[in-house]
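Peer 1: Chain by chain, the residues run as shown.
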Amino acid sequence: MKLQRVSKYFGNVPLAGWDHAQSKWVDNVAYGNLQVFDRFISARAFGQKKRIFIIHHELAFDYDKYQLVRDPSGLVHMVESVNEDIGGIHVQEEYLDTLMLHMAQTQVTVVSFTSTASSSGYRGAKTAVESGPYYCDYERYTVDNEKQTGVIMYSGHVFTLPRYVTVVADNELKVGTTIFDVKEVNAMLMTTEVRAIERGKA
Amino acid sequence: MTDFVTAIKSTIDRYGVAVAEAYGDLLFLDLDDSYNVSQVLETDEPAVVWQLMYLDEDPVDPMFKLAFVIGAKTVNDPGNYALLRIVDSFRQVFVQNDSIDIYDYSGEDAPTEKLGYMYFTGIDVEAHIADQQAGYRLATVTARVVRLYS
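Residue numbers (my numbering), protein chains in the order written: chain A, 1 to 202; chain B, 1001 to 1150.
Be a bit skeptical, because a hint or two may be false.
To be verified - Simulated restraints on C-beta separations:
#: 1; chain 1: B; residue 1: 1033; chain 2: A; residue 2: 35; range: 52 to 58 Å
#: 2; chain 1: A; residue 1: 24; chain 2: B; residue 2: 1006; range: 45 to 51 Å
#: 3; chain 1: B; residue 1: 1119; chain 2: A; residue 2: 109; range: 51 to 57 Å
Claimed, not checked - Result set (EDC-like, lysine to aspartate or glutamate): computed pairs, CA atoms no more than 20 Å apart in a straight line:
#: 4; chain 1: A; residue 1: 126; chain 2: A; residue 2: 139
#: 5; chain 1: A; residue 1: 8; chain 2: A; residue 2: 62
#: 6; chain 1: B; residue 1: 1114; chain 2: B; residue 2: 1003
#: 7; chain 1: A; residue 1: 126; chain 2: A; residue 2: 71
#: 8; chain 1: A; residue 1: 126; chain 2: B; residue 2: 1025
#: 9; chain 1: A; residue 1: 183; chain 2: B; residue 2: 1042
#: 10; chain 1: A; residue 1: 183; chain 2: A; residue 2: 193
#: 11; chain 1: A; residue 1: 126; chain 2: B; residue 2: 1033
#: 12; chain 1: A; residue 1: 183; chain 2: A; residue 2: 170
#: 13; chain 1: A; residue 1: 24; chain 2: A; residue 2: 84
#: 14; chain 1: A; residue 1: 126; chain 2: B; residue 2: 1030
#: 15; chain 1: A; residue 1: 126; chain 2: A; residue 2: 84
#: 16; chain 1: A; residue 1: 183; chain 2: B; residue 2: 1044
#: 17; chain 1: A; residue 1: 24; chain 2: A; residue 2: 64
#: 18; chain 1: B; residue 1: 1114; chain 2: B; residue 2: 1061
#: 19; chain 1: A; residue 1: 49; chain 2: A; residue 2: 193
#: 20; chain 1: A; residue 1: 126; chain 2: B; residue 2: 1108
#: 21; chain 1: A; residue 1: 174; chain 2: A; residue 2: 198
#: 22; chain 1: A; residue 1: 126; chain 2: B; residue 2: 1109
#: 23; chain 1: A; residue 1: 8; chain 2: A; residue 2: 84
#: 24; chain 1: A; residue 1: 49; chain 2: A; residue 2: 71
#: 25; chain 1: B; residue 1: 1065; chain 2: B; residue 2: 1124
#: 26; chain 1: A; residue 1: 24; chain 2: A; residue 2: 71
#: 27; chain 1: A; residue 1: 183; chain 2: B; residue 2: 1003
#: 28; chain 1: B; residue 1: 1065; chain 2: B; residue 2: 1109
#: 29; chain 1: A; residue 1: 126; chain 2: B; residue 2: 1032
#: 30; chain 1: B; residue 1: 1114; chain 2: B; residue 2: 1098
I should point out that these hints are in silico values taken from the structure, not numbers from a laboratory. Glycine included, C-beta positions come from ideal geometry on N, C-alpha and C.
Generate coordinates for the entire structure from the input sequences, incorporating the hints supplied.
Peer 2: See below:
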């Protein structure tokens, strides 16, 4: 059975890719099939944040160059993982790549700091340097329920960013006017997970 | 007077940074730099620290008496050998009966004008101080300072 033909036949959803080196969208970097993923993906986020995209292997795009893709409805997703079909004794040729897409609906600015040392060698005052905004996914949760006032104080904030965005534990993240202090940076498959605390709320 | 105090501070900074760099580019902190100190001392990073204790005219400008404490904080340092090695390094830098020249190193460009000198009269290792994460030990350095007027 020529499975390649099937994957080609159903590959009719075009994706635009974000060329992060050039900072521009490139239309139609891939044609594939966008499917639902109806499971819990974490303790707090439901499956609607993730989608499966299957693409004919020979039409696969550069997953490192295009770490963000945009579907025809305009939603932006991160390429979170790629499972390439492996040829073997039963399958004579690779025919399909399966991508896990993670929706990126939030835009975040990364604030890093530089300082110039004086001639004594003592480091100078920090100067903030902003970069972005970058597409990311944002989750927040709380371990404290304020029962008297009903006000929810979120104590945990998790940002999932495409891998090309550099974040270190010394950085701050800004969403609108809210500032988050970065506490942890973890590599997660093809994305970067950042755990942070909201400034003034910890 | 203000510029001369800055020059003295930056001169001590310069010698302290040299010791910090000699031990693997450790952090170097003025304990009066409260923002950075609170951040760094709570972490598990080793650091070289110092603080100006007093600088008084004695009896009058251009002669001063000076004291400062300088030392280190180490972590994962069984027996505090690394700690005392760093503290002992300052005995090689601020040598009793020896002097160093004072320049204003507070700017980005290297200074050229000698503003004075400090003559060291003593260096004493003080008691160990422990915080929640680590211990640090300081040495008290006393000196006489002479300001030069050009």
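Peer 1: Each hint should be assessed against the structure and marked as holding or not.
Peer 2: The hints, checked one at a time:
Between residue 1033 of chain B and residue 35 of chain A the C-beta distance comes to about 56 Å, which sits within the given range of 52 to 58 Å. Judged by the Cβ atoms, the range 45 to 51 Å given for residue 24 of chain A and residue 1006 of chain B holds: they are separated by roughly 49 Å. Range check, residue 1119 of chain B to residue 109 of chain A: Cβ separation about 52 Å, and the 51 to 57 Å hint holds. The suggested pairing of residue 126 of chain A with residue 139 of chain A is violated, with an alpha-carbon distance near 29 Å, which exceeds 20 Å.
At roughly 18 Å between alpha-carbon atoms, residue 8 of chain A and residue 62 of chain A fall within 20 Å of each other, so this suggested pair holds. At roughly 13 Å between alpha-carbon atoms, residue 1114 of chain B and residue 1003 of chain B fall within 20 Å of each other, so this suggested pair holds. Distance check on the hinted pair: residue 126 of chain A and residue 71 of chain A sit about 40 Å apart at the alpha-carbon level, beyond 20 Å; violated. Under the criterion of a C-alpha separation no larger than 20 Å, the hint pairing residue 126 of chain A with residue 1025 of chain B is consistent with the structure, at around 19 Å.
The hinted pair formed by residue 183 of chain A and residue 1042 of chain B meets the criterion: a straight-line CA distance of about 14 Å does not exceed 20 Å. Between residue 183 of chain A and residue 193 of chain A the CA atoms are separated by roughly 11 Å; this keeps the pair inside 20 Å, and the hint holds. The suggested pairing of residue 126 of chain A with residue 1033 of chain B holds, with an alpha-carbon distance near 13 Å, which does not exceed 20 Å. Pair hint residue 183 of chain A plus residue 170 of chain A holds up; C-alpha atoms about 8 Å apart against a cutoff of 20 Å.
Distance restraint check for residue 24 of chain A and residue 84 of chain A: the Cα-Cα separation of roughly 27 Å exceeds the 20 Å cut-off, and the hinted pair is therefore not satisfied. A hinted pair counts as satisfied when its Cα atoms are at most 20 Å apart, and residue 126 of chain A with residue 1030 of chain B qualifies at roughly 16 Å. Only pairs whose Cα atoms come within 20 Å are accepted, and residue 126 of chain A paired with residue 84 of chain A is rejected, the gap being roughly 45 Å. Taking the CA atoms of residue 183 of chain A and residue 1044 of chain B, the gap is about 15 Å. The hint holds against a cut of 20 Å.
At most 20 Å may separate the alpha-carbon atoms for a hinted pair to count; residue 24 of chain A and residue 64 of chain A meet this at roughly 15 Å. For the proposed pair residue 1114 of chain B and residue 1061 of chain B, the alpha carbon gap of about 17 Å is at most 20 Å, so the pair holds. In summary, the hint linking residue 49 of chain A to residue 193 of chain A is supported, as the alpha carbons are separated by about 15 Å, within the 20 Å threshold. This hinted pair checks out: residue 126 of chain A and residue 1108 of chain B have alpha carbons roughly 15 Å apart, not beyond 20 Å.
For the proposed pair residue 174 of chain A and residue 198 of chain A, the alpha carbon gap of about 10 Å is at most 20 Å, so the pair holds. Restraint check: the Cα-Cα separation between residue 126 of chain A and residue 1109 of chain B comes to about 18 Å, which is no more than 20 Å; the hinted pair holds. Taking the CA atoms of residue 8 of chain A and residue 84 of chain A, the gap is about 15 Å. The hint holds against a cut of 20 Å. Our distance criterion of 20 Å between C-alpha atoms is met by residue 49 of chain A and residue 71 of chain A, whose separation comes to about 13 Å.
Note on residue 1065 of chain B and residue 1124 of chain B: the hinted pairing holds, with a Cα-Cα distance of about 16 Å set against a maximum of 20 Å. Taking the CA atoms of residue 24 of chain A and residue 71 of chain A, the gap is about 15 Å. The hint holds against a cut of 20 Å. Taking the CA atoms of residue 183 of chain A and residue 1003 of chain B, the gap is near 39 Å; set against the 20 Å cutoff, the hint is violated. For the given pair, residue 1065 of chain B sits about 28 Å from residue 1109 of chain B by alpha-carbon distance, which is inconsistent with the 20 Å threshold.
For the hint pairing residue 126 of chain A with residue 1032 of chain B, the CA-to-CA distance comes to about 17 Å; that is within 20 Å, so the pair holds. With a C-alpha separation of about 17 Å, the suggested pair residue 1114 of chain B and residue 1098 of chain B falls inside the 20 Å cut-off, and the hint holds.
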